[in-house]
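Protein chains: 2
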Amino acid sequence: MEETKGLNIAVVGATGAVGQQMIQTLESRELPIKKITFLSSARSAGKKLLFKGKEVEVQEAKPESFEGIDIALFSAGGSISKELAPEAVKRGAIVVDNTSAYRMDEQVPLVVPEVNEEDLRHHNGIIANPNCSTIQMVVALEPIRKAYGLNKIIVSTYQAVSGAGAAAINELREQSRDLLDNQEIKPAILPVKGDKKHYQIAFNVIPQIDTFQDNGFTYEEMKMINETKKIMHMPELHVAATCVRLPVETGHSESVYVETSAASITAADIKTLLSDAPGVVLQDDPENQIYPMPSDAVGKTGVFVGRIRKDLDKDNGFHLWVVSDNLLKGAAWNSVQIAESLLKLGLVTVK
Amino acid sequence: MEETKGLNIAVVGATGAVGQQMIQTLESRELPIKKITFLSSARSAGKKLLFKGKEVEVQEAKPESFEGIDIALFSAGGSISKELAPEAVKRGAIVVDNTSAYRMDEQVPLVVPEVNEEDLRHHNGIIANPNCSTIQMVVALEPIRKAYGLNKIIVSTYQAVSGAGAAAINELREQSRDLLDNQEIKPAILPVKGDKKHYQIAFNVIPQIDTFQDNGFTYEEMKMINETKKIMHMPELHVAATCVRLPVETGHSESVYVETSAASITAADIKTLLSDAPGVVLQDDPENQIYPMPSDAVGKTGVFVGRIRKDLDKDNGFHLWVVSDNLLKGAAWNSVQIAESLLKLGLVTVK
Chain A
6 MEETKGLNIA VVGATGAVGQ QMIQTLESRE LPIKKITFLS SARSAGKKLL FKGKEVEVQE
66 AKPESFEGID IALFSAGGSI SKELAPEAVK RGAIVVDNTS AYRMDEQVPL VVPEVNEEDL
126 RHHNGIIANP NCSTIQMVVA LEPIRKAYGL NKIIVSTYQA VSGAGAAAIN ELREQSRDLL
186 DNQEIKPAIL PVKGDKKHYQ IAFNVIPQID TFQDNGFTYE EMKMINETKK IMHMPELHVA
246 ATCVRLPVET GHSESVYVET SAASITAADI KTLLSDAPGV VLQDDPENQI YPMPSDAVGK
306 TGVFVGRIRK DLDKDNGFHL WVVSDNLLKG AAWNSVQIAE SLLKLGLVTV K
Chain B
6 MEETKGLNIA VVGATGAVGQ QMIQTLESRE LPIKKITFLS SARSAGKKLL FKGKEVEVQE
66 AKPESFEGID IALFSAGGSI SKELAPEAVK RGAIVVDNTS AYRMDEQVPL VVPEVNEEDL
126 RHHNGIIANP NCSTIQMVVA LEPIRKAYGL NKIIVSTYQA VSGAGAAAIN ELREQSRDLL
186 DNQEIKPAIL PVKGDKKHYQ IAFNVIPQID TFQDNGFTYE EMKMINETKK IMHMPELHVA
246 ATCVRLPVET GHSESVYVET SAASITAADI KTLLSDAPGV VLQDDPENQI YPMPSDAVGK
306 TGVFVGRIRK DLDKDNGFHL WVVSDNLLKG AAWNSVQIAE SLLKLGLVTV K
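Chains as they are written, first to last, in this note's numbering: chain A, 6 to 356; chain B, 6 to 356.
Possibly wrong hints are sitting among the right ones.
Claimed, not checked - According to the in silico footprint, chain A covers these stretches of chain B (three or more CB under 8 angstroms from chain A):
(1) 147-156
(2) 199-212
(3) 242-254
To be verified - Computed list of lysine to aspartate or glutamate pairs in DMTMM-like fashion (alpha-carbon distance at most 25 angstroms, straight line):
(4) K191(A) with D183(B)
(5) K198(A) with E264(B)
(6) K356(A) with E111(A)
(7) K191(A) with D290(B)
(8) K87(B) with E60(B)
(9) K305(A) with D183(B)
(10) K202(A) with D290(B)
(11) K157(B) with E241(A)
(12) K319(A) with E264(B)
(13) K191(B) with D200(A)
(14) K319(A) with D316(B)
(15) K191(A) with D301(B)
(16) K198(A) with E179(B)
(17) K202(B) with E254(A)
(18) K315(B) with D316(A)
(19) K235(B) with E241(A)
(20) K57(B) with E88(B)
(21) K191(B) with D316(A)
(22) K198(B) with E179(B)
(23) K201(A) with E111(B)
(24) K198(B) with D318(A)
(25) K315(A) with E345(B)
(26) K234(A) with D290(B)
(27) K305(A) with E345(B)
(28) K198(B) with E241(A)
(29) K234(A) with D316(B)
(30) K157(B) with D318(A)
(31) K157(B) with D320(A)
(32) K87(B) with D318(B)
These aren't lab readings, by the way, just hints derived from the structure by calculation.
Everything numeric in this text was worked out from a predicted model, so none of it was measured.
In this text, a Cβ means the ideal position worked out from N, Cα and C, and glycines have one as well.
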């Protein structure tokens with residue numbers, strides 16, 4: 006139900022994979038909403054979506070669409086954000102942008118509420134939502150950084166196809182079925198829509214997410230490296246990433262190695278710390294085969310951490326396994342959470 | 006065709022996933038074979054298998070089965086190896102054992118021919134074939150160790166289900182089909198046959214291979230750690246591993262971080278080194294999206310290496326992506342290669 010007092014919220018990219026999750030998340034949270042506006046490209050305009058049981062027609066996103074909007078959640082691709090986010094800000098809206106368009110902009114806070122909520126106070130109209138694989142990692146590591154300091158992170162990811170959109174999910178399903186039926190397959194989307202080559206994803210592993218930079222790292226890997234430093238305010242932190250796409254629909258997993266500044270910490274210390282950390286759900290009981298898996302994490306907002314163990318050689322080295330729903334904490338939920346934080350901090354007011 | 010002069014070879018576990026690959030590998034190689042003997046448990050005895058177009062009946066493996074055998078390739082599980090390998094040796098056979106039964110035995114060389122072929126000279130009847138995930142990693146890293154020294158290895162694996170046997174392949178296929186058809190699934194094999202719990206593998210990721218040790222590492226992880234040190238004769242080498250099972254039928258992938266002893270090496274140096282290294286196939290051209298993937302590696306004997314890049318912070322740190330067919334170089338092919346090395350080094354003679 007829309008309320009008589011509340012915020013005017015716009016969702017840009019309402020018909021996409023993340024947009025759909027944003028709508029569901031907004032429905033289930035207690036953020037007071039006076040009016041909801043669904044925006045999209047001209048192609049999807051006119052579609053009707055339900056919000057709290059009421060039909061809402063999707064409109065084409067234009068500069069004027071943002072008149073009277075308090076918070077606009079953008080998830081319609083970087084070029085739309087670059088074009089329309091400034092227009093929304095000009096009209097008084099605060100933009101929470103889920104694309105990579107503004108993440109490394111020094112004027113734009115890059116926020117994971119469990120880690121750097123206070124950075125919201127310095128916003129200039131646009132707030133960036135980090136990359137999905139970055140978000141879950143920093144939620145798991147921030148408590149360790151705070152308690153023991155961090156020197157080094159080496160992460161290898163196990164990423165689901167839904168990070169590449171709804172079409173990639175369909176590609177995985179159809180390819181899986183075709184291969185099981187011994188049919189020929191014609192990869193057309195993964196690893197990167199619009200890149201030169203496309204490869205089989207069903208029953209395969211592709212060590213490429215996003216395109217390559219000259220240094221041999223992909224943009225996805227550089228996002229994890231640069232965004233982690235920005236969110237944690239640690240430009241000198243050593244971070245390395247290898248990002249890999251798997252035949253999983255939703256739920257990113259990460260094998261993370263960290264070195265703390267403090268020495269002589271035990272795995273038990275880290276477990277105690279994470280058992281009570283914001284946004285973290287500890288799932289770590291090897292004897293009973295309890296550890297995080299994507300199949301368990303889908304549809305949940307938490308960041309699941311397990312397999313915590315001390316390195317056998319390095320006194321300040323630890324290994325962790327981190328899993329989260331890349332569409333929720335990795336995207337929609339983190340964006341809505343930012344909206345809730347804006348309200349909590351008095352940076353937006355209910356009229 | 007069996008030859009008039011040649012070796013008497015026995016394959017123990019001939020009807021299993023690795024046994025089948027051993028037979029195919031023996032058929033395609035030039036190892037002179039006078040007589041082939043297929044052995045198995047009582048359950049599979051009596052089955053008929055083809056070898057170079059001729060039918061061979063599988064016999065139950067007993068101590069007497071090894072009379073007159075020159076080389077016995079074992080891949081029928083650790084308990085069979087523990088029981089029958091000494092019996093085979095007693096009867097004059099050299100055993101190449103593909104289970105974990107003898108790998109860490111100080112009297113038993115653990116051999117990857119590209120790395121430590123000379124260790125074969127010190128065998129006492131039994132030679133151990135390393136774990137699949139270890140083999141491909143040491144083939145990729147040995148040239149680096151030789152040229153620049155190695156201080157540290159941190160590996161995260163992306164392992165195929167065929168490492169858990171033919172039943173695990175069937176489980177992946179059936180689960181995939183059932184999930185695509187929205188049917189209920191009943192995991193019964195993975196992650197570890199006989200362990201307390203079984204989990205969905207189709208469209209999922211399971212961070213457990215083999216059972217857990219008290220230190221929080223799995224036996225699979227400890228195999229990678231301990232076997233690498235033994236094969237490379239580097240008891241002090243720092244090695245850490247996280248082993249993960251994926252919905253892939255065959256072909257293990259590995260995200261490997263290494264630190265060399267020498268400094269100021271470039272990624273180009275490592276690429277040049279690996280472009281001409283034994284057993285290694287370099288697939289590293291990011292601009293043209295060339296990198297190793299399991300779908301390309303299946304059925305091939307090489308160890309494919311790509312995504313080679315220098316760490317952004319550590320002058321002696323490098324990242325690599327290593328893929329190989331876990332049933333071939335990871336098992337059958339490495340075992341047959343050991344047999345070929347035995348002949349080449351004069352440790353077995355053709356009668």
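Here is how each hint holds up against the structure:
1. Counting residues of the stretch 147-156 of chain B whose C-beta sits closer than 8 angstroms to any C-beta of chain A gives 0, which falls short of three, so the coverage hint is violated.
2. Interface restraint, the stretch 199-212 of chain B with chain A: holds (10 residues with C-beta to C-beta distance below 8 angstroms; minimum three).
3. Residues of the stretch 242-254 of chain B lying with their CB closer than 8 angstroms to a CB of chain A number 9, which satisfies the three-residue condition for coverage.
4. For the hint linking K191(A) to D183(B), the alpha-carbon distance of about 23 angstroms falls within 25 angstroms, and the restraint holds.
5. The straight-line distance between the Cα atoms of K198(A) and E264(B) is roughly 34 angstroms, outside the 25 angstroms bound, and the hint therefore fails.
6. Proposed proximity of K356(A) and E111(A) is contradicted: the alpha carbons are some 31 angstroms apart, above 25 angstroms.
7. The suggested pairing of K191(A) with D290(B) holds, with an alpha-carbon distance near 22 angstroms, which does not exceed 25 angstroms.
8. About 29 angstroms separates the Cα atoms of K87(B) and E60(B), which puts this hinted pair outside 25 angstroms; it is violated.
9. For the hint linking K305(A) to D183(B), the alpha-carbon distance of about 23 angstroms falls within 25 angstroms, and the restraint holds.
10. The suggested pairing of K202(A) with D290(B) holds, with an alpha-carbon distance near 13 angstroms, which does not exceed 25 angstroms.
11. At roughly 22 angstroms between alpha-carbon atoms, K157(B) and E241(A) fall within 25 angstroms of each other, so this suggested pair holds.
12. With a CA separation close to 14 angstroms, the supplied pair K319(A) and E264(B) stays within the 25 angstroms bound.
13. A threshold of 25 angstroms between alpha carbons decides the hint, and for K191(B) with D200(A) the separation of about 39 angstroms lies outside it, so the pair is violated.
14. A hinted pair counts as satisfied when its Cα atoms are at most 25 angstroms apart, and K319(A) with D316(B) qualifies at roughly 19 angstroms.
15. Among the hinted pairs, K191(A) with D301(B) is consistent with the structure: their alpha-carbon atoms are about 15 angstroms apart, no more than 25 angstroms.
16. In summary, the hint linking K198(A) to E179(B) is not supported, as the alpha carbons are separated by about 30 angstroms, beyond the 25 angstroms threshold.
17. Pair hint K202(B) plus E254(A) holds up; C-alpha atoms about 23 angstroms apart against a cutoff of 25 angstroms.
18. The hinted pair formed by K315(B) and D316(A) meets the criterion: a straight-line CA distance of about 23 angstroms does not exceed 25 angstroms.
19. A C-alpha spacing of about 36 angstroms is found between K235(B) and E241(A), which places the hinted pair above 25 angstroms, so the restraint is violated.
20. Of the pairs offered as hints, the one joining K57(B) and E88(B) is violated, with about 30 angstroms between alpha carbons and a cut-off of 25 angstroms exceeded.
21. This hinted pair does not check out: K191(B) and D316(A) have alpha carbons roughly 35 angstroms apart, beyond 25 angstroms.
22. Straight-line distance between C-alpha atoms of K198(B) and E179(B) comes to about 17 angstroms, which keeps the hinted pair within the 25 angstroms bound.
23. The straight-line distance between the Cα atoms of K201(A) and E111(B) is roughly 51 angstroms, outside the 25 angstroms bound, and the hint therefore fails.
24. A hinted pair counts as satisfied when its Cα atoms are at most 25 angstroms apart, and K198(B) with D318(A) does not qualify at roughly 31 angstroms.
25. Annotation: proposed proximity of K315(A) to E345(B) is violated, straight-line Cα distance about 41 angstroms (limit 25 angstroms).
26. For a cut-off of 25 angstroms, the pair hint linking K234(A) to D290(B) is broken: about 28 angstroms separates their Cα positions.
27. Of the pairs offered as hints, the one joining K305(A) and E345(B) is violated, with about 54 angstroms between alpha carbons and a cut-off of 25 angstroms exceeded.
28. Between the alpha carbons of K198(B) and E241(A) the distance comes to roughly 45 angstroms, so the proposed pair goes past 25 angstroms and is violated.
29. Restraint check: the Cα-Cα separation between K234(A) and D316(B) comes to about 16 angstroms, which is no more than 25 angstroms; the hinted pair holds.
30. A C-alpha spacing of about 10 angstroms is found between K157(B) and D318(A), which places the hinted pair at or below 25 angstroms, so the restraint holds.
31. Restraint check for K157(B) and D320(A): satisfied, since their Cα atoms lie roughly 14 angstroms apart, inside the 25 angstroms limit.
32. Note on K87(B) and D318(B): the hinted pairing is violated, with a Cα-Cα distance of about 47 angstroms set against a maximum of 25 angstroms.
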